[in-house]
Amino acid sequence: MLGYALRRLILAIPLLIGITFVSFLVIHLAPGEPVDIQSDESSARSDAKIKQLLIETYGLDKPLHVQYWNWLTRLVRLDFGRSFSPDARPVLQKIGERLPITLLLNIVELLIIVMLAIPIGVLSATRQYSTFDKITTIFVFVGFATPDFWLALMLMILFGIQLGWLPISGLRSPAWEYLSFWAQQWDFIAHLTLPILVATFGGLAGFSRYMRQSMLEVVRQDYIQSARAKGLSEGAVIGKHALRNALLPIVTVLGLSLPGLIGGSVIVESIFAIPGMGQLMVQAVFERDYPVIMGNLVIVATLTLVANLIADLTYSLVDPRIRVAARRGRR
Amino acid sequence: MRRGGVLRLFGLFLVVALAGCGGDADSVIDVAAGQGSDKPAYGDTYIEALQGNISGLIPNVLTDGPSFEVAGLIYNGLVKYDKDLNLVGELAESWQYSRDCLDLTFKLKRNVKWHDQKPFTAADVVFTYETMVNPKTPTAYGGDFKAVESVQAVDPYTVRVRYKQPSAKALQSWSIWMLPKHLLESYAREGKLREAPQNRANPVGTGAYVFQEWKPGEKVVLVANPDYFDGRPYISRVVYRIIPSSATTFLELKAKGIDGAKLTALQFKRQTEYPAFRKAYNKYQYAANVYVYLGMNLRDPRFADKRVRQAFAHAINKREIIEGVRLGLAREATGPYKPGTPWYDSNVHQYPYDPGKARKLLAEAGWTDKNADGILVKNGVPFKFDLLLAQGSDEGRKVGEIIQASLKDLGVQVEIRVIEWAALLKEYIKKRNFEATILAWGVTPDPDQYDIWHSSKTSPDELNRIGYANPEADELLEKGRSTCVEADRKKYYDRLQEVLAEDQPIVFLYFRDGLPVVSSRIRGIVPSPQGINYNFNEWFVPRNLHRYTAG
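As you go down the protein sequences, you meet chains A and B in turn.
Just so you know, we're using our numbering here: the first sequence kicks off at 1 and counts up by one.
Just so you know, we're using our numbering here: the second sequence kicks off at 1 and counts up by one.
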């Protein structure tokens, strides 16, 4: 098991380099340059000198393979470089200040989704075509079809303006510094409620469908029949035998959503004015801020590879058959 | 910003729909507003929405609007434009030109202190100049000081600037934000101002407000400078909240989460006219320093013929565009100067909407036959061209469609192509690889537009993108920038406006209106052609209307 994990980790290194190389190429070949956008041409006061200076500062005058090599050798020393944006701040710092809020939102969102989606999925599978199943089906379609920004604005109008219960946007009230400790926490939670609600709504729909589908397949299996034939109670059949097997595909989906945890939703972040990763990335792309784009990409690529590995390892924990097959294979 | 743009657009439709259902939000709007004495009082917080994140805190090395707005409260220049667009002293007590226009001597105010209590002196002025012209400094504004020969500190409160040749923009270039030598000298020498800690936190200026906090993407907080040389400002705390979505900004206004914002034309005209909103907020309207134009590539033989351009100017109904796209909230542009400002010449030849005349002009230019599709044909080639638009600009798209329809009536076929901004700039505009495009130019209070119209300014990174060349215009532009006698300049630029009106190198469409809205509890706002922000340190809230007690 340990040897297998190590082997996978070592194999991941060339893969990661390959990913970064292709991305580097694609981003640099995309039309548009960071320096064009920074020379304030619309005001007609621009000085062409700045463009040349910035090209030299950023090393954009060097051949692409040299640029990539420089970037890669810095990366090995964990130096992600400085942003091309005029704040010229280290990339890691920029990502670091945005990551916590995005992680917090996404983790809370994922937890709520899993906690709600599993029971909903199980119930609608075991009571297929019941009223509950039909209601959740409608709910799922509505969830899929509702655009995030529309739902967000509706909730903002309802809770923010008409009822006045929750703040509309941002992370903290203007007078946050002057609140007591507990009031501050409450203020923060109140600000996060609507964004989480909106983000959960869409995700819940998908997840509960996966769960329902997976459960439906499992309950048709022979071993479920034999469990019933043994005289086990329905609760034990579903809760013990069926659920554990039905969870397998969910583990895959969960694993794949791990890298997504650090990528924020642009729509939710923009509309709620939350300074998260999504906004940072979109801005970086529009400004052609290569170091920030690449920095984020390395982190996402690494997380994806790690998540794949974890998912593979978890399979063998959840599914004894894979464990046995692996052992046999070694012999 | 494609996604953002689409999002904003849909958001607006939604809000219209809701606003139509009656002003149910009225209950939250403060009834006390409108009362209260007009006696200035210190205190309260002003919260303004900014659409974009600021990119730093040393404006001399930045180029974005939000950063300039924040920096405007932290830093000062030697001179500034007053509400009527005249240059007046800010850090300079007075100045004097020598008779040959080559020497400019500033007397500095003596009671000015940096935010860290060090005195502001002539050495800082020299330092700022040296930083701006240092080839290592990544600033877009070094060109303003190209004509300077030397800057020297005669004594701590006197600065003498010597010019190589008379320069009309000499005085206004000294509105540049002054930087503290004692803090930034080492960074500036290395060309590392952007990396300086003052660009991220604790910038030190001489301005009315002192920096307190910047949470990137979230907010910037400033507090009043009690030692401000022009008197302590009344409002004690300013919070800039970064809110990317204009629909959200609008909802925050309704919920009173913010005090000031810029409205869209739709919000201004249709969604904020109900009594409760009018009571809680004051809306302002002034011509902003931006005009939108239809630019044609004059290297294209079809557009090189000025009759074709004049025909387009007659065929495009500017009023219709202003009504349709800006809901009337814009002013017709007849040239590159803003109507109502001192340099604007209202006597130039105008091109009223007149399709008949347009047809006649095109016929004179040889576009007489039409093919089966009703498209004008000359030498067997139909009159067809691509109109390039920047992605995400709803306004640009609408203007493009109206122009497309107007020109179609004339027998000219326009294909609209929408391209992401950075790519449009790099691959099409800079390579001069375009037939026509809709863009905007910012205008400065100074009339010099050498970079836009002079025939020498056509290389890829220069701004005469359309390839305009007229010897008379060149001469006027050269003369206009090399005298310091205002009356002469007025003559040159009046004539320039006539030349441009005749040539129609671009079709001048309209000057957009700036549409700020400010909480009605805030007093002391005097709208001007400059907008409203120029006297922010005189704004105040009467004591009984204070909303935020803290600070």
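For the record, the hints were derived by calculation from the structure and aren't laboratory data.
Please note that the accuracy of each hint is not assured.
So these bits of chain A aren't anywhere near chain B, every CB distance computed over 10 Å [stated by the list, open to error]: (1) L2; (2) L15; (3) E33; (4) T57; (5) L60; (6) P63; (7) I168; (8) A183; (9) T200; (10) A307.
Result set (EDC-like, lysine to aspartate or glutamate): computed pairs, CA atoms no more than 16 Å apart in a straight line [as the list claims (entries may be wrong)]: (11) A/K49 to B/D451; (12) A/K240 to A/D319; (13) B/K215 to A/E177; (14) A/K51 to B/D461; (15) B/K118 to B/E273.
From a predicted model like this one, the values you see are computed outputs, not experimental measurements.
Just so you know, even glycine gets a beta-carbon here, dropped at the ideal spot from N, CA and C.
Verification of the supplied hints:
1. Chain B leaves A/L2 outside its interface by the beta-carbon criterion, the shortest separation being 42 Å against a cut-off of 10 Å.
2. With a least CB separation of 30 Å from chain B, A/L15 remains clear of the 10 Å interface cut-off, as annotated.
3. For A/E33, the condition that its CB be more than 10 Å from all CB atoms of chain B is violated, with the nearest at approximately 6 Å.
4. Residue-level check failed: A/T57 sits 7 Å from the nearest beta carbon of chain B, not beyond 10 Å.
5. For A/L60, the shortest C-beta to C-beta distance to chain B comes to about 12 Å, beyond the 10 Å cut-off, and the non-interface label holds.
6. Its beta-carbon lying about 19 Å from the closest one in chain B, A/P63 satisfies the requirement of being farther than 10 Å from that chain.
7. The beta carbon of A/I168 is not kept farther than 10 Å from every beta carbon of chain B, the shortest such distance being approximately 5 Å.
8. Against chain B, the non-interface label of A/A183 holds: every CB pair exceeds 10 Å, the least being about 13 Å.
9. Residue-level check passed: A/T200 sits 19 Å from the nearest beta carbon of chain B, beyond 10 Å.
10. The non-interface label for A/A307 is consistent with chain B: the shortest C-beta to C-beta separation is roughly 26 Å, beyond 10 Å.
11. Proposed proximity of A/K49 and B/D451 is supported: the alpha carbons are some 14 Å apart, at most 16 Å.
12. Of the supplied pair hints, the one linking A/K240 and A/D319 holds, its CA atoms being roughly 14 Å apart against a limit of 16 Å.
13. A hinted pair counts as satisfied when its Cα atoms are at most 16 Å apart, and B/K215 with A/E177 qualifies at roughly 14 Å.
14. Under the criterion of a C-alpha separation no larger than 16 Å, the hint pairing A/K51 with B/D461 is consistent with the structure, at around 8 Å.
15. Our distance criterion of 16 Å between C-alpha atoms is broken by B/K118 and B/E273, whose separation comes to about 49 Å.
Of the hints listed earlier, those the structure fails to meet are numbers 3, 4, 7 and 15, in rising order.
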